[in-house]
Amino acid sequence: EVKLVESGGGLVQPGRSLKLSCAASGFNFNDYWMGWVRQAPGKGLEWIGEINKDSSTINYTPSLKDKFTISRDNAQNTLYLQMSKLGSEDTAIYYCARTYGYFDYWGQGVMVTVSS
Amino acid sequence: DIRMTQSPASLSASLGETVNIECLASEDIYSDLAWYQQKPGKSPQLLIYNANSLQNGVPSRFSGSGSGTQYSLKINSLQSEDVATYFCQQYNNYPLTFGSGTKLEIK
Numbered sequence: 002e003v004k005l006v007e008s009g010g011g012l013v014q015p016g017r018s019l020k021l022s023c024a025a026s027g028f029n030f031n032d033y034w035m036g037w038v039r040q041a042p043g044k045g046l047e048w049i050g051e052i053n054k055d056s057s058t059i060n061y062t063p064s065l066k067d068k069f070t071i072s073r074d075n076a077q078n079t080l081y082l083q084m085s086k087l088g089s090e091d092t093a094i095y096y097c098a099r100t101y102g103y104f105d106y107w108g109q110g111v112m113v114t115v116s117s
Numbered sequence: 006d007i008r009m010t011q012s013p014a015s016l017s018a019s020l021g022e023t024v025n026i027e028c029l030a031s032e033d034i035y036s037d038l039a040w041y042q043q044k045p046g047k048s049p050q051l052l053i054y055n056a057n058s059l060q061n062g063v064p065s066r067f068s069g070s071g072s073g074t075q076y077s078l079k080i081n082s083l084q085s086e087d088v089a090t091y092f093c094q095q096y097n098n099y100p101l102t103f104g105s106g107t108k109l110e111i112k
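First to last, the protein sequences are chains A and B.
If you read the first sequence in the numbering used here, its first letter stands for residue 2, the second for the next number, and so on.
If you read the second sequence in the numbering used here, its first letter stands for residue 6, the second for the next number, and so on.
Hint data in this document are derived by calculation from the structure and do not stem from the laboratory.
If you're wondering where the values come from, they're calculated on a predicted model, not measured in any experiment.
Keep in mind that the hints are not guaranteed to be accurate.
Pair by pair, the computed Cβ-Cβ distance ranges are [what the hints assert, rightly or not]:
id : chain 1 : residue 1 : chain 2 : residue 2 : range
1  : B       : Lys-108   : A       : Tyr-101   : 23 to 31 Å
2  : B       : Leu-59    : A       : Pro-15    : 37 to 45 Å
3  : B       : Asp-33    : A       : Glu-90    : 30 to 38 Å
4  : B       : Ser-15    : A       : Glu-90    : 19 to 27 Å
5  : B       : Ser-70    : A       : Ser-89    : 34 to 42 Å
6  : B       : Asp-6     : A       : Met-112   : 31 to 39 Å
7  : A       : Ser-85    : B       : Gly-21    : 33 to 41 Å
8  : A       : Ser-64    : B       : Leu-59    : 28 to 36 Å
9  : A       : Gln-14    : B       : Asp-33    : 41 to 49 Å
10 : B       : Glu-22    : A       : Ser-117   : 45 to 53 Å
11 : A       : Asp-74    : B       : Asn-81    : 41 to 49 Å
12 : A       : Lys-86    : B       : Ser-70    : 38 to 46 Å
13 : B       : Asn-98    : A       : Glu-90    : 35 to 43 Å
14 : B       : Ser-12    : A       : Ser-64    : 23 to 31 Å
C-beta: ideal position from N, C-alpha, C; glycine also.
Please work from the sequences and hints to get the whole structure.
This is how it looks when you write it as structure tokens:
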């Protein structure tokens with residue numbers, strides 16, 4: 002069974018950084034592109050970015066390119082999202098997902114709240 | 006960026022009815038279009054990819070169609086468990102973009 006479990010969320014002060022993790026199981030993690038999508042409370046879905054199998058290609062939505070960094074550790078079957086200079090607009094549920102362009106498996110999501 | 010305009014924003018239908026949700030792309034996306042269902046408090050679930058391919062395990066009452074800039078999701082014989090918000094998403098061009106969602110309720 003494919004399983005994606007995000008962790009690392011919580012309450013963070015404006016301007017600070019936070020790193021999310023996504024533990025993958027039930028499939029060969031090395032063989033898949035992975036991505037991050039977020040959803041602000043009561044709002045729609047926003048694509049953050051994606052990373053290919055060997056980390057040689059990483060794509061971001063332009064507005065987040067200078068704030069967020071996606072990485073992966075294939076030995077640990079884990080995807081990461083490093084977020085910096087966080088603001089209230091970054092308050093959202095963050096989902097990791099397996100991607101072919103579309104997303105066939107999603108994690109349960111992790112909440113990040115940016116507030117003083 | 007490719008803008009995905011989804012309609013209607015909300016929809017109320019009776020059990021057993023057929024509903025259609027539309028998604029209009031701001032440019033040709035060559036059928037690189039997916040549909041997702043998101044139930045309250047849950048993560049999105051893939052229903053349709055490549056505009057008309059049904060994801061494994063998704064009931065056959067869901068179907069997708071369209072080409073170019075116009076796409077639709079059809080739900081036949083509406084069931085109570087179909088209450089959810091539905092999103093379209095294009096993956097033809099970066100950045101990947103989603104429609105704003107259609108909230109489906111039972112009348």
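Status of the hints after comparison with the structure:
The supplied range of 23 to 31 Å is met by B:Lys-108 and A:Tyr-101, whose beta-carbon atoms lie about 27 Å from each other. Between B:Leu-59 and A:Pro-15 the Cβ separation comes to about 44 Å, which falls inside the hinted range of 37 to 45 Å. Separation of B:Asp-33 from A:Glu-90 is about 31 Å and conforms to the stated range, judged on CB atoms against 30 to 38 Å. Taken as a hint, the range 19 to 27 Å holds for the pair B:Ser-15 and A:Glu-90, whose Cβ atoms sit roughly 25 Å apart.
Checked against the given bound of 34 to 42 Å, the beta carbons of B:Ser-70 and A:Ser-89, roughly 40 Å apart, stay inside it. Taking the beta carbon of each, B:Asp-6 and A:Met-112 are about 26 Å apart, not inside 31 to 39 Å as hinted. At roughly 51 Å, the beta-carbon separation of A:Ser-85 and B:Gly-21 lies outside the given 33 to 41 Å, and the hint is violated. As the Cβ distance of A:Ser-64 to B:Leu-59 is approximately 33 Å, the hint placing it in 28 to 36 Å holds.
The hint said 41 to 49 Å for the Cβ distance between A:Gln-14 and B:Asp-33, and at roughly 44 Å that hint holds. Range check, B:Glu-22 to A:Ser-117: about 48 Å between beta-carbon atoms, so the 45 to 53 Å window is met. For the pair A:Asp-74 and B:Asn-81, the supplied restraint of 41 to 49 Å holds, since their beta-carbon distance comes to about 44 Å. The hint said 38 to 46 Å for the Cβ distance between A:Lys-86 and B:Ser-70, and at roughly 43 Å that hint holds.
As the Cβ distance of B:Asn-98 to A:Glu-90 is approximately 24 Å, the hint placing it in 35 to 43 Å is violated. Take B:Ser-12 and A:Ser-64: their Cβ atoms lie about 25 Å apart, and the range 23 to 31 Å holds.
When each numbered hint is compared with the structure, violations occur for hints 6, 7 and 13.
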